[in-house]
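Hey, can you work out the whole structure from these sequences and the hints?
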Amino acid sequence: MKLLKSIVRPNKVDEVKDALAKLNIAGMTVTEVRGHGKQKGHTAVYRGKEYNVNLLPKMELEVVVEDNIADDAIKAIIQAARTGEIGDGRVFVLPVLQSYRIRTGELAV
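Just so we're aligned, residue 957 is where the sequence shown starts under my numbering, counting upward by one.
If you are wondering where the hints come from, they were derived from the structure by calculation, not from laboratory data.
A hint or two may mislead.
[What the hints assert, rightly or not] Pairwise CB distance ranges, derived in the manner of DEER restraints:
| # | residue 1 | residue 2 | range |
| --- | --- | --- | --- |
| 1 | 1064 | 1005 | 51 to 61 Å |
| 2 | 1005 | 982 | 39 to 49 Å |
| 3 | 967 | 1010 | 19 to 29 Å |
[Said to hold, decoys possible] Restricting the straight-line Cα-Cα distance to at most 35 Å, the calculated cross-link-like pairs of lysine-lysine (DSBU-like) are:
| # | residue 1 | residue 2 |
| --- | --- | --- |
| 4 | 1031 | 978 |
| 5 | 973 | 961 |
| 6 | 994 | 978 |
| 7 | 994 | 958 |
Where a beta carbon is used, it is the ideal one built from N, C-alpha and C, also for glycine.
Quick look at the structure:
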């Protein structure tokens, strides 16, 4: 199994969710996060004063998938989240060794 951690623009979450649903991937965790990559934030004006916004709002989506559909899921996330502009985000792929169901304590497959 693989854990796919995706950092995407907030307005792209529904598109990514829909793309994963087409692959019959339903379970996911979505978290509001803040950060920056190469763009290093931007300059904004508030009440006539200019200031730097270093940490931009992003959304983190976490989904665990079987190894055999991981590549398809990664492609779906990238296609759904891409705008072509700096700040589109990243997909991180981590191995999942085991998963346990909390309610029963059993090893989940």
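Do the hints match the structure? See the list:
With their beta carbons about 52 Å apart, residue 1064 and residue 1005 fall inside the hinted range of 51 to 61 Å. In this structure the hint that residue 1005 and residue 982 lie 39 to 49 Å apart at CB holds, the actual value being about 46 Å. Separated by about 20 Å at the C-beta atoms, residue 967 and residue 1010 satisfy the suggested range of 19 to 29 Å. Our distance criterion of 35 Å between C-alpha atoms is met by residue 1031 and residue 978, whose separation comes to about 12 Å.
A distance of roughly 13 Å separates the Cα atoms of residue 973 and residue 961; the hinted pair therefore holds under the 35 Å criterion. The hinted pair formed by residue 994 and residue 978 meets the criterion: a straight-line CA distance of about 31 Å does not exceed 35 Å. For the proposed pair residue 994 and residue 958, the alpha carbon gap of about 26 Å is at most 35 Å, so the pair holds.
No hint from the list above goes unmet by this structure.
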